[in-house]
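Engineer: Residues per chain, in single letters:
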Amino acid sequence: MTQAMLEVKGIDVFYGASQILFGVDLTVEKGQTMALLGRNGAGKSTTFKAIAGIAPPRRGEINLAGVTVSGRKPYRIARAGIGYVPEDRQVFPEHSIEDNLIIGTKKGPNGEDYWTIERIYEVFPILAGMRTRMAGKLSGGEQQMLTIARTLMGNPEILLLDEPSEGLAPIIVQAIGSLIKQLREMGVTILLAEQNMHFCLGIATHATVVDKGQIVYRDTIEGLRANDAIKQRYLAI
Amino acid sequence: MELEALAGCLSSMSCAVTQVSTGLIIGMLLFLVASGLSLIFGVLGVINFAHGSFYMIGAYFAFSAYQLTDSFTLAILSGALGVGIFGMAFERLFMSKVYGRDVLMQLLVCYAFILILDDMVKILYGAEYKLMGMPQTFALPPFQIAGGFIPSYYVFMIGISAVVGLVLWLGIAKTRFGKVVRAAAINPTMVGALGINTTLLYAFVFGVGSMLAGTAGALAAPIRTLTPGMGLSILIESFIVTVIGGMGSIVGAFIAALLIGLTRSFGSMGFPLFVDGMMFGIMALVLILKPSGLLGRPVH
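Chains as they are written, first to last, in this note's numbering: chain A, 1 to 237; chain B, 1 to 300.
Take these hints with a grain of salt, some might be off.
[Claimed, not checked] Chain B is faced by these chain A residues, among others (derived, beta-carbon under 7 angstroms):
1) Gly104
2) Gly108
3) Gly154
[Said to hold, decoys possible] Listed below are several chain A residues computed to face chain B (Cβ distance under 10 angstroms; list not exhaustive):
4) Lys73
5) Pro74
6) Tyr75
7) Gln90
8) Pro93
9) Glu94
10) Asn100
11) Met153
12) Gln182
13) Leu183
14) Met186
15) Gly187
16) Val188
Simulated from the structure, these hints should not be mistaken for lab results. We put the beta carbon where it would ideally sit given N, CA and C, even for glycine.
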């Protein structure tokens, strides 16, 4: 059996006294695009924050390529190869596009330096046209692209995208979708949290469904597409 | 009021030149101290109330190093680096414990250190005034510009402060490290998620800010009397400077420091009894007209 790229094993996460995640298990193999689906408040963002070390799990563990990273500080988890793109974009608004990319620059855990600014501009031509523009002045879609690009500059082993389609116009959502597909085809391993199932059906290879802090379903994306009961029960809006 | 004296000085080139140079050295010292205060506040969000004491120990470090080695270069270096290292240790051991806490907690920790450092100085050097004396290197005839005399040490001090200020500004505005520092000031969680060790970054920034105060203290040592408590007045003036210039803005601190320096040097001729009042008056005016300071960002 091949070793999983990311392995989340039975994590419990609390905010203060209230428990948000209950024994969440999640596995992403190298090269997969795993969709983590669920309604608003189901626990998607918390799962991401737990993986990134921002909301450390109280129980359970998280392994990256066989190495336990849970319990480490967020910056060490990032250096281990987890590239976390938070849901509300969080560009550095008073820095230019290029400066945002420069801040994200680091080598991968094994010295990888595949992503350079020039390569980013090839994949994100829209950013190349406005390198000196302040990030705070960009549209929501452009900011979303920039946060993804900024995290890629750190050469992560796996990219965690938290609700990249949220609050964006349909045409921009399409552009983000084809960008994610392009990254998938380049071999980037992706974990993608979404409420928007239709967005995921087009781009993910696998799906996991979370509801009320627990995993309720996991399959390939084709399996999910065919399973009306699950879609109806957990994902219908 | 002796406004005629001020008018007379302003109409005489030689007097004006002398007063401007005095204003500049006051302003440059203030700029170094205030920019450190402002840098620490801008990035870490804490106010180092002990900053004036760091200026003081910078002066005493320089004094001791000069007595031991007779080298003014080593005196400046030990003032700057000594206080920089001290600041880093202070941040790690004490200040980092009160991040995110009530500002009164920060005040309490810093005030404790103001007292401790003053007493340490009294124990080690005695309570009486100390004079370091002007290094031999600067025993030169003063520069003469338009009939006004400027001591050679003043020229050196203005020059070196300007270089330090420029390096600081370039470092923050242009280098990757400076970009990371500015980003961490706005969103430390995101900076951490990109793989940057913000704990280390904070300690380093605190060290650089302290180093600026130490450098100012070392540069002031030859022209000021050293005394425990010498940090207090410069601390208050630095607060005035950072409020006028805008918290977190280095360029703002520079402009405000020169403004206060010149107010001091010309004010001491024209309205000697109202110099402090004038400084606070300017600050009050800025607070009314532009509460975030000349170059500060409005607080959201």
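Engineer: Each hint should be assessed against the structure and marked as holding or not.
Structural biologist: Results of checking the hints against the structure:
| no. | hint | result |
| --- | --- | --- |
| 1 | Gly104 | holds, 5 angstroms |
| 2 | Gly108 | violated, 10 angstroms |
| 3 | Gly154 | holds, 6 angstroms |
| 4 | Lys73 | holds, 7 angstroms |
| 5 | Pro74 | holds, 4 angstroms |
| 6 | Tyr75 | holds, 5 angstroms |
| 7 | Gln90 | holds, 5 angstroms |
| 8 | Pro93 | holds, 7 angstroms |
| 9 | Glu94 | holds, 7 angstroms |
| 10 | Asn100 | holds, 8 angstroms |
| 11 | Met153 | holds, 8 angstroms |
| 12 | Gln182 | violated, 22 angstroms |
| 13 | Leu183 | violated, 18 angstroms |
| 14 | Met186 | violated, 21 angstroms |
| 15 | Gly187 | violated, 21 angstroms |
| 16 | Val188 | violated, 17 angstroms |
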